[in-house]
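K.L.:
Residue numbers (our numbering), protein chains in the order written: chain L, 41 to 389; chain Y, 41 to 389.
Hints were generated in silico from the structure; no laboratory data involved.
If you're wondering where the values come from, they're calculated on a predicted model, not measured in any experiment.
Warning: the hint list may mix true and false statements.
Since the list gives no way to pick out one identical chain from another, each pair is judged satisfied if it fits inside one copy or across any two copies.
[As the list claims (entries may be wrong)] Quick list of in silico lysine to any residue cross-link-like pairs, SDA-like style, CA-CA up to 25 Å:
1) K113 <-> P381
2) K68 <-> T374
3) K113 <-> D155
4) K68 <-> D155
5) K113 <-> Y81
6) K68 <-> R160
7) K187 <-> R375
8) K187 <-> S264
9) K68 <-> E152
10) K68 <-> L366
11) K189 <-> I156
12) K187 <-> G382
13) K187 <-> A235
Given next are the chains, with one letter for each unit.
There are 2 protein chains.
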Amino acid sequence: MSGPIQFTCPVPLAARDRIVLGHGSGGKLSAELLRDVFLPYFRSPILNRLDDQAVLEINGARLAFTTDSFVVKPLFFRGGDIGSLAVNGTVNDLAMGGATPLYLSAGFILEEGLDIEILRRAAESMGRAADSIPVEIVTGDTKVVEKGKGDGLFINTTGIGLVPEGVRLSPALVRPGDRVLLSGPIGDHGIAILAEREGIEFSTDLASDCAPLNGLVAAMLAASLDIRTMRDPTRGGLSSALNEIAARAGVGVTIEESAIPVREEVRGACEMLGLDPLYVANEGKLVAFVAPDAAEAVLEAMRRHALGRDAALIGTATGTHPGLVLLRTPFGTTRIVDMLPGDQLPRIC
Amino acid sequence: MSGPIQFTCPVPLAARDRIVLGHGSGGKLSAELLRDVFLPYFRSPILNRLDDQAVLEINGARLAFTTDSFVVKPLFFRGGDIGSLAVNGTVNDLAMGGATPLYLSAGFILEEGLDIEILRRAAESMGRAADSIPVEIVTGDTKVVEKGKGDGLFINTTGIGLVPEGVRLSPALVRPGDRVLLSGPIGDHGIAILAEREGIEFSTDLASDCAPLNGLVAAMLAASLDIRTMRDPTRGGLSSALNEIAARAGVGVTIEESAIPVREEVRGACEMLGLDPLYVANEGKLVAFVAPDAAEAVLEAMRRHALGRDAALIGTATGTHPGLVLLRTPFGTTRIVDMLPGDQLPRIC
């Protein structure tokens with residue numbers, strides 16, 4: 041035989057050539073897709089910052105701008121539905137930029153054969169969620185695809201918010217010593233969705249934590265402007281949110297397992313199903329990095345707000361191990377909390 | 041038998057209870073869905089205006105805001121693809137409000153198994169289209185659904201534009217006597233897509249007219265600010281655009297069939313397939329209502345622009361037959377041009 045030796049590639053090619061569910065996880069595969077397929081062609085300095093929202097300067101105003109498509113399954117679940125999720129999810133991405141939500145667009149992709157009553161219930165829920173924030177749904181679009189080419193109902197919402205004077209939030213502002221605050225127990229949304237899908241019954245009323253965080257954020261910013269950055273740990277859970285901040289800020293993060301609130305039924309379901317609450321999605325929680333001097337005031341403000349009643353100080357940014365998130369267990373050991381490569385629970389939002 | 045007599049409903053219930061393809065047509069069923077299912081719950085005065093874009097006053101600036109989801113089939117076609125369509129389509133909705141396009145968001149819903157090379161080609165096309173306008177894609181989102189729950193690739197784009205001082209466009213400004221200008225031949229996009237789907241070969245190079253109209257609009261507004269309103273006749277074609285304006289302005293519209301430019305191959309394909317070019321989609325054309333005194337200057341400005349070279353005066357707004365669009369044929373007869381109830385060509389954009 042002549043010619044060069046042919047090597048075969050040990051990496052499963054399928055995962056590189058074709059879209060897999062993990063590309064929608066918000067984890068490593070999502071990041072890879074963004075880096076390899078979108079950023080090189082869109083070439084936007086603002087997009088390259090990879091914040092949950094773009095902050096745009098228009099006529100002297102700083103506007104936050106963010107988009108999300110919702111493909112959650114099932115459409116209705118305890119604690120929420122695709123409609124409330126679509127409104128609150130985008131409002132929360134605006135709020136994580138410190139912005140006051142103003143306006144939403146709503147784009148619907150409907151599957152032929154969808155019961156219009158289902159659409160009506162989702163629209164009613166969107167209207168109710170928007171009223172309670174308040175935010176105004178000012179423009180929309182509806183497309184229909186043939187039966188078998190969609191899955192009932194997908195909703196895109198895109199939001200515009202106004203960033204108040206003096207508010208500046210960015211992972212780039214995080215410094216070693218900053219405190220990590222979490223607004224409440226993690227994993228409720230993911231486990232509620234999973235329970236709904238799998239027909240698991242809980243003895244208590246575990247529900248999605250789906251809620252708009254703009255009020256909580258306003259209360260926190262009123263307590264101190266020394267908040268560095270915030271994230272709502274949705275897809276990929278608390279772990280992904282912390283890893284993203286650590287990587288972008290160039291700091292290490294150390295968190296205390298015993299300080300992280302997790303409901304008993306979420307902990308139980310996770311043990312039963314082999315899940316780690318750190319990776320399970322939330323839809324009404326936030327994690328904030330706050331200057332050491334301001335941490336107590338911000339934590340108190342959170343606890344005074346209905347959505348931050350169980351807020352906790354869970355850790356610290358450090359100058360050691362930059363880019364890594366470490367978890368200290370109650371036994372005194374430490375482990376690295378990495379981002380998941382793919383998906384733990386597909387179609388969670 | 042006692043009790044009241046039970047009547048059965050003569051309207052086919054299926055079309056009222058379930059989503060059909062016609063609900064995505066931009067015609068009567070779309071309007072019905074909007075009126076019955078969305079507007080009552082969203083209760084937004086801005087949305088209720090039903091313009092192609094919302095115009096928002098934020099900090100003294102007037103911003104246009106618009107959203108569109110793209111589900112076109114096939115994804116690539118002569119003259120464009122889902123990527124260029126997604127950028128140009130939203131830019132055109134901004135431009136129809138007189139706005140200079142500034143920023144876009146991009147939301148992707150991918151079907152598991154999609155060839156990543158297809159996504160890359162679409163993203164590259166989006167980047168190229170955005171560069172040429174120019175507009176910046178500043179924020180995005182990617183979701184993945186299981187194989188068989190989507191159709192390869194759906195894209196939502198939402199845009200923000202700035203409406204210049206002095207520009208005010210609205211159907212409410214249309215007056216009897218206003219001239220109706222059309223920027224060029226109609227039906228190219230719809231017939232190009234249909235040809236691609238059905239494997240029809242044309243002797244010439246018929247292609248989609250997919251193009252960004254913001255430059256043409258800027259040239260028109262530079263010629264005169266006495267433009268009343270503009271629409272890009274996409275889904276539902278020229279007929280739907282004129283009917284919408286007539287209804288919202290409370291005027292009649294009379295157009296001359298012989299004045300409406302239609303390419304020979306589009307006319308031929310329409311005759312062969314039993315389609316009416318007035319209902320076929322365009323993606324790079326606009327229709328404008330202009331004050332009589334300004335019409336000539338605006339038409340000249342259009343003709344000097346590459347995308348308005350074949351612009352024509354096609355009709356007039358009238359005080360008679362308010363809400364109706366009448367077509368005068370070359371034989372001197374007149375017929376009503378109504379909106380289609382449902383869909384002539386599904387998934388055209």
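K.L.:
Does each hint hold? Answer for all of them.
P.N.:
Right, here's what the structure says about each hint:
1. K113 <-> P381: within (22 Å within a copy, 32 Å between copies)
2. K68 <-> T374: Answer is within: at 22 Å inside a copy they meet the 25 Å cutoff, but 63 Å across does not.
3. K113 <-> D155: both (16 Å within a copy, 24 Å between copies)
4. K68 <-> D155: This pair counts as between: shortest inter-copy Cα distance 19 Å, intra-copy 36 Å.
5. K113 <-> Y81: Only across copies: K113 and Y81 sit 23 Å apart there, 31 Å inside one copy, limit 25 Å.
6. K68 <-> R160: Classified as between: cross-chain Cα gap 18 Å, same-chain 36 Å, threshold 25 Å.
7. K187 <-> R375: neither (47 Å within a copy, 36 Å between copies)
8. K187 <-> S264: neither (52 Å within a copy, 47 Å between copies)
9. K68 <-> E152: between (34 Å within a copy, 17 Å between copies)
10. K68 <-> L366: within (18 Å within a copy, 58 Å between copies)
11. K189 <-> I156: both (18 Å within a copy, 19 Å between copies)
12. K187 <-> G382: between (29 Å within a copy, 17 Å between copies)
13. K187 <-> A235: The answer is between: 23 Å across copies meets 25 Å, while 27 Å in one copy does not.
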